[in-house]
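K.L.:
Just so you know, the protein sequences line up as chains A and B, in that order.
Under this note's numbering, think of the first position of the first sequence as 83, with each following residue one higher.
Under this note's numbering, think of the first position of the second sequence as 83, with each following residue one higher.
There may be inaccurate statements among the hints.
Remember, identical chains collapse to one label, so a pair may be satisfied in a single copy or spanning two.
Unchecked claim - Computed cross-link-like contacts, DSS-like style, restricted to lysine-lysine with a CA-CA straight-line distance of at most 30 Å: (1) K532 - K568; (2) K184 - K159; (3) K159 - K193; (4) K96 - K217; (5) K214 - K416; (6) K508 - K492; (7) K169 - K489; (8) K339 - K428.
For the record, the hints were derived by calculation from the structure and aren't laboratory data.
Here the structure is a predicted model, which means the values were calculated and not measured.
Given next are the chains, with one letter for each unit.
Number of protein chains: 2
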Amino acid sequence: MSKKITKRSENFSKWYNDIIIHADLAENSAVRGCMVIKPYGFAIWEEMKSILDRMFKDTGHVNAYFPLFIPKSFLSKEADHVDGFAKECAVVTHYRLKNSDKGIIVDPDAKLEEELIVRPTSETIIWDTYRKWIKSYRDLPLLVNQWANVVRWEMRTRLFLRTAEFLWQEGHTAHSSQNEALEEAKTILFIYKKFIEDTLAMPVLCGLKSQREKFAGAVDTFCVEALMQDGKALQAGTSHFLGQNFAKAFDVKFANKDGNLEYVWASSWGVSTRLIGGLVMSHSDDFGLVLPPKLAPFQIVLIPIYHNQQEYKNVTNELKKLANNLRLKNYRVKEDYRDTHKPGWKFSEYEVKGVPIRLVMGPRDIENQTVELFRRDTMKKNNVPLDNLNNTIDTLIVDIQENLFNKASKFNSENTFNSDDFEDFKSKILQGGFVFAHWDGSSETEDEIKKLTKATIRCIPLEDIHEPGSCILTGKPSAQRVVFAKSY
Amino acid sequence: MSKKITKRSENFSKWYNDIIIHADLAENSAVRGCMVIKPYGFAIWEEMKSILDRMFKDTGHVNAYFPLFIPKSFLSKEADHVDGFAKECAVVTHYRLKNSDKGIIVDPDAKLEEELIVRPTSETIIWDTYRKWIKSYRDLPLLVNQWANVVRWEMRTRLFLRTAEFLWQEGHTAHSSQNEALEEAKTILFIYKKFIEDTLAMPVLCGLKSQREKFAGAVDTFCVEALMQDGKALQAGTSHFLGQNFAKAFDVKFANKDGNLEYVWASSWGVSTRLIGGLVMSHSDDFGLVLPPKLAPFQIVLIPIYHNQQEYKNVTNELKKLANNLRLKNYRVKEDYRDTHKPGWKFSEYEVKGVPIRLVMGPRDIENQTVELFRRDTMKKNNVPLDNLNNTIDTLIVDIQENLFNKASKFNSENTFNSDDFEDFKSKILQGGFVFAHWDGSSETEDEIKKLTKATIRCIPLEDIHEPGSCILTGKPSAQRVVFAKSY
Chain A
83 MSKKITKRSE
93 NFSKWYNDII
103 IHADLAENSA
113 VRGCMVIKPY
123 GFAIWEEMKS
133 ILDRMFKDTG
143 HVNAYFPLFI
153 PKSFLSKEAD
163 HVDGFAKECA
173 VVTHYRLKNS
183 DKGIIVDPDA
193 KLEEELIVRP
203 TSETIIWDTY
213 RKWIKSYRDL
223 PLLVNQWANV
233 VRWEMRTRLF
243 LRTAEFLWQE
253 GHTAHSSQNE
263 ALEEAKTILF
273 IYKKFIEDTL
283 AMPVLCGLKS
293 QREKFAGAVD
303 TFCVEALMQD
313 GKALQAGTSH
323 FLGQNFAKAF
333 DVKFANKDGN
343 LEYVWASSWG
353 VSTRLIGGLV
363 MSHSDDFGLV
373 LPPKLAPFQI
383 VLIPIYHNQQ
393 EYKNVTNELK
403 KLANNLRLKN
413 YRVKEDYRDT
423 HKPGWKFSEY
433 EVKGVPIRLV
443 MGPRDIENQT
453 VELFRRDTMK
463 KNNVPLDNLN
473 NTIDTLIVDI
483 QENLFNKASK
493 FNSENTFNSD
503 DFEDFKSKIL
513 QGGFVFAHWD
523 GSSETEDEIK
533 KLTKATIRCI
543 PLEDIHEPGS
553 CILTGKPSAQ
563 RVVFAKSY
Chain B
83 MSKKITKRSE
93 NFSKWYNDII
103 IHADLAENSA
113 VRGCMVIKPY
123 GFAIWEEMKS
133 ILDRMFKDTG
143 HVNAYFPLFI
153 PKSFLSKEAD
163 HVDGFAKECA
173 VVTHYRLKNS
183 DKGIIVDPDA
193 KLEEELIVRP
203 TSETIIWDTY
213 RKWIKSYRDL
223 PLLVNQWANV
233 VRWEMRTRLF
243 LRTAEFLWQE
253 GHTAHSSQNE
263 ALEEAKTILF
273 IYKKFIEDTL
283 AMPVLCGLKS
293 QREKFAGAVD
303 TFCVEALMQD
313 GKALQAGTSH
323 FLGQNFAKAF
333 DVKFANKDGN
343 LEYVWASSWG
353 VSTRLIGGLV
363 MSHSDDFGLV
373 LPPKLAPFQI
383 VLIPIYHNQQ
393 EYKNVTNELK
403 KLANNLRLKN
413 YRVKEDYRDT
423 HKPGWKFSEY
433 EVKGVPIRLV
443 MGPRDIENQT
453 VELFRRDTMK
463 KNNVPLDNLN
473 NTIDTLIVDI
483 QENLFNKASK
493 FNSENTFNSD
503 DFEDFKSKIL
513 QGGFVFAHWD
523 GSSETEDEIK
533 KLTKATIRCI
543 PLEDIHEPGS
553 CILTGKPSAQ
563 RVVFAKSY
């Protein structure tokens, strides 16, 4: 029973969905727009969480947990914020069901005085709490993160990329100065970049969002943007400098060293299970998922070849020894000795699931003291002497991780263009990729370009390129190129 | 600024609340019944999660994630289940807000066709999913756990013990035989017992719930029950044998080895942030929180004593060396070198927070090559030679953990009674503790005893005591004693 995967070149979107389903990452649930994250997909998220959580803690952040529900009036306190989230939120209006002759119904006597919103993000409830926590400059900075589920009632959903409920981390920090809050937002941006490049093996562009594209309630939004294999951009993480917007909305002041009261400065930042979608679209191929070793739930799978019970016993005995040795070196190892499935079925299964390294052993391998090693990223196999296996694996695990990053970087370079002419720009956007072009800085121009090409400004690159020019659409002066692309 | 904690003997409930607040574990939020788990409290939960998660994985369980929302019709599919949860659930009825002349209101045009319940527990949505995952005996057993937030709209709430939203893990397993499902429920019960006794240092009783007290939808509920310092029992974890109830409600069948279709057998089980409440009420004292070393966010705190900057420099230099050595041995260490707070203030702060070991060093300690060591559980201090510090700490960390367990066990023994006379029973229940008494097995008698004494059957002990007798209330025959207590 081989799992049929649509080719990328035929239908990228169907290819993506096939991989998510056949690699057992996730599926749609009975609740519109909400996904079930299956054990294999969740194990990837657990690895991501564990690595990123360590990076946050190493930079002085602590975890906490804030309520799932946000009173409606809280959302309304920051004007831009409510505009951004009001149109897509799940609203709790009652707190009881009851029996009736029509079956179980919502009890009309159990209506909440004030409706509760299932958090789409937690700035409001957290800043309401910070008012109690922050009195003096001595209480600052406050560097708090939470791992949580959030809900945004999206109308068109796609597994991992856009779902009504998703999992994420959201950091919310409070500072005594504008500069410190801005530095925090940038520090996190570079943690995201390092995490996504080193762990997910996905190269990203760092930049600032345009005012049109920034977070509802932010002064400035920084972002990391990745390029998918179909030439569309994916916003992989955002870090917001919130100024004093939420401090003012929730009246959070601190006494400075001179004893004067000032509003607190803030940042917030997040990445979500959307990263799993990005991971799939960055590295996978027509055979299925391709996983970087750092995130693979199983880095190495061991499969026996045999024709009778004696051979089965001999081969699995050898493989168990290898597996134990590899586990001692902290590799995540899967042994598949099931007699109910043929080796060919297993090969295909772990190819689809993107396991980085496959080791296969048969009776002849024992004689030769070798094992057949297959690497998923290049689909190449060779025989490795058993006495050199540990070294080979050590090198290969690093090599596969690097190879995926280099391959994705090469793809990015080949699909990153400059453009100075609008017809050329349109055709490049149509073809896909990051297009660096001049823009006059106005939201009207941004809207018009989007209308004409479906491209948005992904970011204003942080490295100041200092190359003045003329806007690709209006010809008005521009200080630097910005990055356009179609996006998820 | 010393934090005033009410004495246990004066007002146990106020004492409990003072500790939660002053030790910075949690606080009430602006949302009725929902708590904010503060960083220090959340760090304890993170330690619990990490240890328990490892125990689940070591016994073959995997994590996954299922939707927050449950369609109303799903809850209704298992009759007992909906009766158990309908009266206390948060109901989502709309998916959009809008602007009006009265401000932001719920958009009446965005009413859901079917209301969604915020999960109070996930049996229904999970068994609806399992229908797709389970076809054959080869797909079984399915051993899945999720770490999640759940909501039960409790009317009277208390931090950690009973909150509208809480964090927990819920395991949901599927099996091909009744016996295997029952064994799973018991396996988990004993994992809970081991975890709570070894890690939380809380002795527990294992038993079966009466039919009156079992989980809504279960055939049988197993539980671990702990005794708090006020003599009330706390249900610390439950593990349910669900029979085929949910398989029948959601039509989940598997082909057995003979190719015949059978309904799947199930278990479910959970422990929650309530355990933090149990931890507080088991070990803490009138000076504040007392933490077992295995769960303490900081196991050792280091504080300098000094009178001038030169002394500050010398002492902190020495302490930093100690701290680094202790970290190399994987201890969780906190160094408090703040010059803004006096040593006495710090002593009191970490006493209230229950840090197991405090090390204090002043200039004279450097001369003597010693450090002052204070252990929180006994409040005793002594001077330890620096060259013997590592050994002393190694021994002490184990000793404190054991001491807390032994102290709680002694308390349990001293507050566990047999009773064979109803007047005696009433007075013992009033006084507090576990009372082992005979019961005729009927729900009516159980209700009557509760009415007369406020005591409930905490569990029918698993060790079959085989000591027949007469019911404490009705005099009817009874096969074994059961455990009564007032409870949280």
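K.L.:
None of the hints should be skipped; say for each whether it holds.
P.N.:
We went through each hint and held it up to the structure:
{"no.": "1", "hint": "K532 - K568", "result": "within (9 Å within a copy, 66 Å between copies)"}
{"no.": "2", "hint": "K184 - K159", "result": "between (40 Å within a copy, 14 Å between copies)"}
{"no.": "3", "hint": "K159 - K193", "result": "both (23 Å within a copy, 24 Å between copies)"}
{"no.": "4", "hint": "K96 - K217", "result": "between (54 Å within a copy, 25 Å between copies)"}
{"no.": "5", "hint": "K214 - K416", "result": "between (49 Å within a copy, 25 Å between copies)"}
{"no.": "6", "hint": "K508 - K492", "result": "within (23 Å within a copy, 79 Å between copies)"}
{"no.": "7", "hint": "K169 - K489", "result": "neither (40 Å within a copy, 56 Å between copies)"}
{"no.": "8", "hint": "K339 - K428", "result": "between (66 Å within a copy, 22 Å between copies)"}
When each numbered hint is compared with the structure, a violation occurs for hint 7 only.
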